[in-house]
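Trainee: Read off the chains here:
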Amino acid sequence: MQIDAKEYENASAYKSLIESYAGKPEYLLAIMQDMQRQYNYLPRLAITMIAAHVGLPVSRVYAMASFYKAFSLTPKGRFVIRVCDGTACHIKNSETLLDQIEKQLQARPGETTADGLFSVETVNCLGACALAPVMVINGRVYGKVNRSDVERIIKEYGGQSDAN
Amino acid sequence: MQTEMNLGSDDRQTVLVCCGTGCTANGGREVFNAFETSLQDHPEIQVLPVVKATGCNGWCEKGPLVRLLPRDITYCSVAPADVDEIINKTLLDGVLVKRLLYRDPVSKEHLTSHHLTDFYRKQHKIALRNIGEIDPGQIDDYVQRGGYQALQKALLGMKGQEVIDTIKASGLRGRGGGGFPTGQKWQACRNASGNTKYIICNGDEGDPGAFMDRSIMEGDPHTVIEGMILGAYAVGASHGYIYVRDEYDLAVQYLRKAVDDARQRGYLGNNILNTGFVFDIDLIRGGGAFVCGEETALIASIEGRVGEPHDKYIFPTEKGLWGKPTVINNVETWANVPVIVLHGPASFAAIGTANSKGTKVFSLVGKVVNTGLVEVPMGTTLREIIYEIGGGVLKKRSFKAVQTGGPSGGCIPAELLDLPIDFDSLTEAGSMMGSGGLIVMDDRTCMVEVARYYVNFLAGESCGKCTPCREGIRALLEILTRISEGQGSIGDLDLLEDISFTMQQASLCALGRTAPNPVLSTLRYFREEYLEHIEQHRCPAGVCRALSIFYIDPEVCNGCGVCARHCAVNAIQGEKKQAHVIDESICIHCGECYRQCAFDAIKLR
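Line order of the protein sequences matches chains A and B.
Numbering follows this note's numbering, in which position 30 of the first sequence is assigned residue number 30; successive positions increment by one, without gaps.
Numbering follows this note's numbering, in which position 450 of the second sequence is assigned residue number 450; successive positions increment by one, without gaps.
Chain A extracted, bound-state conformation (with noise of 0.2 Å):
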């Protein structure tokens, strides 16, 4: 993967970004965790940066971002549809969200849609068990939704109501 010029404008942003912590490994995660919130995802050029900064290779900080579901590191949609897939939500067929997601949008989880409106992607548990299923769209939480519901949220985000 090639460093995107944007990510070089950038670079003085990153840098205070990654300069509010000390440069240590202890704070790695952390500032990882900072950069993924600032940005959806860690821009290559962030990592090496960030590698610079605490004092390790950059093989340490890219075991980093592809072990923790946290981090991501191709750029997201400007809303990101998280259904939960934690078993209270599954034996409640959360199944049925994505086949909606999917026909709508033609993206399955982990996967980003062409126009960069929409990435979706499950997650294990949101806690939120006596809603199931549940479905988050940028933070906001749906609860006990059913395949039309998917159908009318991702309309009233801009999304399509039916592609095929």
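Treat the hints as calculated values from the structure; they're not laboratory data.
Treat the hints with care, as some may be off.
What the hints assert, rightly or not - Computed footprint of chain B on chain A; a stretch qualifies when at least three of its residues, placed anywhere within it, have a C-beta under 8 Å from a C-beta of chain B: (1) 73-81; (2) 90-99; (3) 119-132; (4) 144-150.
Stated by the list, open to error - Partial pick of chain A residues on the chain B-facing surface, computed with a CB cut under 7 Å: (5) Ala5; (6) Ile18; (7) Ala22; (8) Pro25; (9) Leu28; (10) Asp34; (11) Gln36; (12) Thr87; (13) Ile137; (14) Val141.
Unchecked claim - Mimicking PhoX-like on lysine-lysine, the simulated pairs with C-alpha atoms at most 25 Å apart in a straight line are: (15) A/Lys144 / B/Lys395; (16) A/Lys144 / B/Lys396; (17) B/Lys465 / A/Lys69; (18) B/Lys108 / B/Lys89; (19) B/Lys319 / A/Lys24; (20) A/Lys76 / A/Lys103; (21) B/Lys98 / B/Lys108; (22) B/Lys125 / B/Lys153; (23) A/Lys24 / B/Lys324; (24) B/Lys168 / B/Lys396; (25) B/Lys324 / B/Lys465; (26) B/Lys603 / B/Lys395; (27) A/Lys144 / A/Lys155; (28) B/Lys89 / B/Lys396; (29) B/Lys122 / B/Lys395.
By construction, the Cβ of each residue, glycine as well, lies at the ideal position given by its N, Cα and C atoms.
Given chain A, put chain B in place with the hints provided.
Mentor: Just chain B now, kept in the frame of chain A:
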């Protein structure tokens, strides 16, 4: 909002709006805002009601919940539009809004308070004692209910060793899953050599279907902090960490404020309660990896490494965080500590069974009428929890199994419903306590699919360091997938057991050693269902898509059209009030119609 308010102890009225994750999703925050706004328009109200956002009441099913004190009235499923009516009728005129009261499904009576419902009456709250009663953002609320008194008692009148003796005498065992005696763990850390020691609170609640720890961190953060300070005093630690799951935004927010407030009041810092005792807490957000609930992996994660566990020939109590003696306990364990220290070990030890003392919080979810958090004495039977507190199986379907212990646990069948649950009885039944998820499953839940679901979950979460876990889980998943697609053979069942045995014996950490539990427990109790998948190519629950062919019984179908409306692919046709038909060439076998039909007109071939 005022902070110096006495909760319900003076004549002013208090409005409590549950703003836990469950109620917030149902609009709890909007209801809270509506109260704040509307009350500003009512200067004529003599007694100024205080609006407080509280943590999760546990009764998420009926949220958003609004409670009115001191009269102890609970309104369920409140919408912002109901707020003016509550203010005008109840707060001003003292009249109940009947339609917002909970209606007992059996007696059909309207109950004025949630305390009168079976869901609450049969519970015994220790860890959850303050949740829903206090505003988690206000340290004074916690103090007013006896908070930080245990700390004063310990720091001003007890030696560290006496605190450990108290915990030992209470019989408290770790609530995170394994059930290790807490006092013994603390003793090992206290006895370990070295001056630098650490305390960790494991808030990386990863079991899908469980939210006990989230609710405690969101609803009563100070009890966790007080428990940790007591633990630190007992073992001689000067620094602590709370490792919180990344997904739990609200918990992080409340914990952060609670730590700051505690520091300001002198409960944390360099001279706690002017005794010279030093202890402080940092908050760490997890990276989102289930294996980090394992203590050695959690330590690796705090140290800024990939969360891979290592062998435990030497326990973290001797060599833990940065090689120093470390005590790790889970959120619920810490929440019990202040109560035990304040009231003494005897009252805690009086609750529970011979080897499991006190209470346990369960998250009762799945196909059950009342979902939510439930705290009961150890030794309560599954039947009492599911039927008396939980109100039975949803839609009056038949009970098939209850899953306990998350991905490391197992499924317990109907014949064991009268099992009194504690750490040991669940292990004997082939499951485990785990952190306390109870997921109720009915006859429309496929046990092969449940096993496949958990193994699939673990396949994504195994860190990949040791071979038995990494390869074993993959093999289990492959076989279970094959069976659920109708491609299994009889020999597969022996193969599943063989691989499971190897994983139990040879995996490095508890994740791998317990990973086969969902497979083994379903094989033990639901072997028939596996055989039906393999021999008859049929999924009796109508879940496995490759093995479920649905048709509509024209004798039963009344043409209501619900199935057609729910069909994602428009495979169901029919005139209104006439029997409908499924077009086999379009049907994707998702089973949505089967589940939606209220007349059981859709059958499984």
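Trainee: Could you work out which of the previously given hints the structure breaks and list their numbers from low to high?
Mentor: 1, 5, 6, 7, 10, 11, 13, 24 and 28
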